[in-house]
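Protein chains in written order, with our numbering: chain A, 1 to 466; chain B, 1 to 272.
What the hints contain is simulated information worked out from the structure, not anything from laboratory work. Just so you know, not all the hints are guaranteed correct.
[Unchecked claim] Straight-line C-alpha distance at most 30 Å; calculated DSS-like pairs for lysine-lysine:
id, chain 1, residue 1, chain 2, residue 2
1, B, Lys-149, B, Lys-174
2, B, Lys-189, B, Lys-166
3, A, Lys-149, A, Lys-301
4, B, Lys-149, A, Lys-455
5, A, Lys-202, A, Lys-149
6, B, Lys-64, B, Lys-50
7, A, Lys-54, A, Lys-292
8, A, Lys-359, B, Lys-149
9, A, Lys-455, A, Lys-54
10, B, Lys-64, A, Lys-359
11, A, Lys-455, B, Lys-189
12, A, Lys-455, B, Lys-64
13, A, Lys-323, A, Lys-292
14, B, Lys-239, B, Lys-226
15, A, Lys-307, A, Lys-292
16, B, Lys-239, B, Lys-149
17, A, Lys-323, A, Lys-258
18, A, Lys-301, B, Lys-50
19, B, Lys-166, B, Lys-50
20, B, Lys-174, A, Lys-359
21, B, Lys-134, A, Lys-455
22, A, Lys-323, A, Lys-54
23, A, Lys-283, A, Lys-323
24, B, Lys-189, B, Lys-226
25, A, Lys-283, A, Lys-322
26, B, Lys-50, B, Lys-134
27, B, Lys-166, A, Lys-359
28, A, Lys-359, B, Lys-50
29, B, Lys-66, A, Lys-455
30, A, Lys-54, A, Lys-258
31, A, Lys-54, A, Lys-322
32, A, Lys-455, B, Lys-239
33, A, Lys-359, B, Lys-66
34, A, Lys-359, A, Lys-103
35, B, Lys-226, B, Lys-174
36, A, Lys-359, B, Lys-90
37, B, Lys-149, B, Lys-90
38, A, Lys-292, A, Lys-258
39, A, Lys-301, A, Lys-103
40, A, Lys-292, A, Lys-47
Every value quoted in this text rests on a predicted model; they were computed, and no experiment measured them.
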Amino acid sequence: MHISDLVQMARQNLWRMRVRTFLTLIGVTVGISALIAMVSFGVGLEKNITENFKNNDLFTSLTISSKAFQVKGGHPSKMNTNKERADAIPLNDSLITLLQARKDVSIAYPKINTPVRIALGTDTAATTTGCLPMEMGQHAPYDNLLAGKYFSHDSAQEVLVSLSFLNSMGYNVIGTGHKQYAAAGMDSNMVTISADSLIGKKITVLSTTLKTSSPLALIGGIENVLAEEATEMTIVGILPSEQFAGPNFREEIIMPLKTAEQLPSVGFDRISEMMAQKLKGNKYNAIFVKAKSMDDLKSLKAFLDEKDINYFAIDDGLNEMKKVFLILDSILGVIGLISLVVAGFGIVNTMLMSILERKREIGIMKAVGSKNRDIRLIFFFEAGIIGVLGALSGIAVGYGLTRIANIIVNQTYMSSGSTPLDLFSFPWWLTLGAIAFCIIISLIAGLYPAIRASKINPIEALRQEG
Amino acid sequence: MAPFTLFTYKNIALAYKNAVEPRVSAHYSCKSANKTLWQTSLRTFVAQSKHMLQLIGVNKVYSKGKHQIIASNNISCSIQQGEFVAIVGKSGSGKSTLLHLLAGLDQATSGQILFRGTDISRYSSNEFADYRLKHIGIIFQSFNLIFSKSALENVMLPLIFAGDSKSSRLQKAKAALERVGLSHRLDHKVNELSGGEAQRVAIARALVNNPEMILADEPTGNLDSKTTEEILDILLRLKHNGKTIIMITHDQEIADKVADRILTIKDGVLSE
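Working from the sequences, and respecting the hints, build out all of it.
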């Protein structure tokens, strides 16, 4: 038998029982669409998170912190090294120079965080400032600000402010073309203002300094020890508020490196830092290092491990994260799979019914000289065609449903300020895999009916009136 | 004369003619070295040329619970090429079982069925399928056509399994339908045809692979007397074109009218 004959026979037979074929197809379609919707959700989740990290160069960077003070969330293997060692390398400018001289390092700079109060207009708010060297202006996300531009020089009295900070100060910021950049928690008391008009506005940075280093001064109250100093700065740019916005995650006011160094402060930004023993010679609490590539990050880590320098890199968690995603994908896949298996039983049912109805026809085919193999192939092809059609319609329906779900989720739950998020991802392997899987399931489902059909006794079959 | 130069069609035919006479062995006995070869060739030739079908002690026993039904009881007979043989028997006499055995739709319990000298009684189901496809055409009382398909599609069915190309299928099926006088009904669905027409489609289907032998199981059983005549005419015409025909019927009159030889079957026993 030619394949074209098998296809044509299958087509004719399926069309002849079109209602039943259609109902069986619905079953397969539901199975496949459930499978791909589930898996594409898992894959989409993984993609959104890892791409966000990648876009912000988080997979090529790490943060060096002092041994005495651990960055929260550091890799467990590096958590037990609170012991101070005499030969530990201090976090100072010479370490930065050493790192910057390395071939695998793209940029290294100290992280200076200062607790401040910010006065903008009539409002004030407490926050922590961060700092950046001039070179970071070429890297994500600072090369693509919502409005304005990067600092003009290393000691300019300029700041970048984040959108979420502006929101918390009561500004509803509108971009060009009246695009709203609003964060969650927006209320009607907010002042609507265009992003461009905020550029050039002055803010006052109120930082805390020690009046005296004598602890005795505390007797007269805390205000005898601490004093607030005001520094006026100009807003030059607005930062997008992404959840994983690069090395300055959750820093809402960022200033040039030298400006930050000169900002009057008590020299610590957290109580824990004040309490911890400071390593002798440490100038900085943390140093941010960006490697040139992910491979370079590996060699950099090896170097730091060898020197016994404490660091935290997000890509350490990546493999763990991948395992979690694999489990998530598997669970979602299994749920989808169950509906596909149910659809497979639907195919078995349909084919068995069809054999009963076509028993006489099978007898005729055998009487005129069809081999058992021919009969098997005829039924096998019918099951296979149901599989192919079911896979195609399942993918179409699954894709359509996820698009609709995506639109609904984006309109309902995402704030208008954030860029629309694609919750689902359809990599080529998912589409091809779903088609292949569906065909395999339908062929397995067709196997038993096909064998049964081929075993029909022609004499008995021909005795049947029809 | 060297034995191999004798090995031509004409010479063998001549030799065969002599072989049926007792003189033959004496004639060639002097050439003792060639004797065995000659006998072998002759036997094969005899088998291939005249005996289309030979049944040797064929039994078919069905078990129904504790009872055993002997449907074919030690049947031996031979059917020559080009013969029109009618097997007459009442309902339940075992005539259909015999036809099923000849068609390879059923397997004999014991005995041999030689088709052109080859024993087919132990064939596998695939070998039987091949045998039906290439060597025989079957016509049934109830036509056994696929109603939802056209006359042409029904006739083309065996050719699909034979692996013919689409154009060859169409050509052969049209020619077969023409032979039974149905070229004007090619695209009619079977359920739109009269009984006589349907049976003619079935004959066309049996003929389409150009088989040597036609097995007909009560081919006129469902037809009126006028269409019966038509169908019998077609079968006779096929006989004249060299086909071997075995027809099963309960109607002695029909058998008398068309058959060269009539075999009677009763309780599974076949007799002349």
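Here is what the structure says about each hint:
no. : hint                  : verdict
1   : Lys-149/B - Lys-174/B : holds, 15 Å
2   : Lys-189/B - Lys-166/B : holds, 20 Å
3   : Lys-149/A - Lys-301/A : violated, 33 Å
4   : Lys-149/B - Lys-455/A : holds, 24 Å
5   : Lys-202/A - Lys-149/A : holds, 15 Å
6   : Lys-64/B - Lys-50/B   : violated, 38 Å
7   : Lys-54/A - Lys-292/A  : holds, 13 Å
8   : Lys-359/A - Lys-149/B : holds, 16 Å
9   : Lys-455/A - Lys-54/A  : violated, 59 Å
10  : Lys-64/B - Lys-359/A  : holds, 23 Å
11  : Lys-455/A - Lys-189/B : holds, 29 Å
12  : Lys-455/A - Lys-64/B  : holds, 21 Å
13  : Lys-323/A - Lys-292/A : holds, 26 Å
14  : Lys-239/B - Lys-226/B : holds, 20 Å
15  : Lys-307/A - Lys-292/A : holds, 20 Å
16  : Lys-239/B - Lys-149/B : holds, 29 Å
17  : Lys-323/A - Lys-258/A : violated, 42 Å
18  : Lys-301/A - Lys-50/B  : violated, 94 Å
19  : Lys-166/B - Lys-50/B  : violated, 35 Å
20  : Lys-174/B - Lys-359/A : holds, 27 Å
21  : Lys-134/B - Lys-455/A : holds, 21 Å
22  : Lys-323/A - Lys-54/A  : holds, 18 Å
23  : Lys-283/A - Lys-323/A : violated, 38 Å
24  : Lys-189/B - Lys-226/B : holds, 23 Å
25  : Lys-283/A - Lys-322/A : violated, 37 Å
26  : Lys-50/B - Lys-134/B  : holds, 19 Å
27  : Lys-166/B - Lys-359/A : holds, 26 Å
28  : Lys-359/A - Lys-50/B  : violated, 38 Å
29  : Lys-66/B - Lys-455/A  : holds, 25 Å
30  : Lys-54/A - Lys-258/A  : holds, 28 Å
31  : Lys-54/A - Lys-322/A  : holds, 14 Å
32  : Lys-455/A - Lys-239/B : violated, 35 Å
33  : Lys-359/A - Lys-66/B  : holds, 29 Å
34  : Lys-359/A - Lys-103/A : violated, 77 Å
35  : Lys-226/B - Lys-174/B : holds, 25 Å
36  : Lys-359/A - Lys-90/B  : holds, 28 Å
37  : Lys-149/B - Lys-90/B  : violated, 34 Å
38  : Lys-292/A - Lys-258/A : holds, 24 Å
39  : Lys-301/A - Lys-103/A : holds, 13 Å
40  : Lys-292/A - Lys-47/A  : holds, 22 Å
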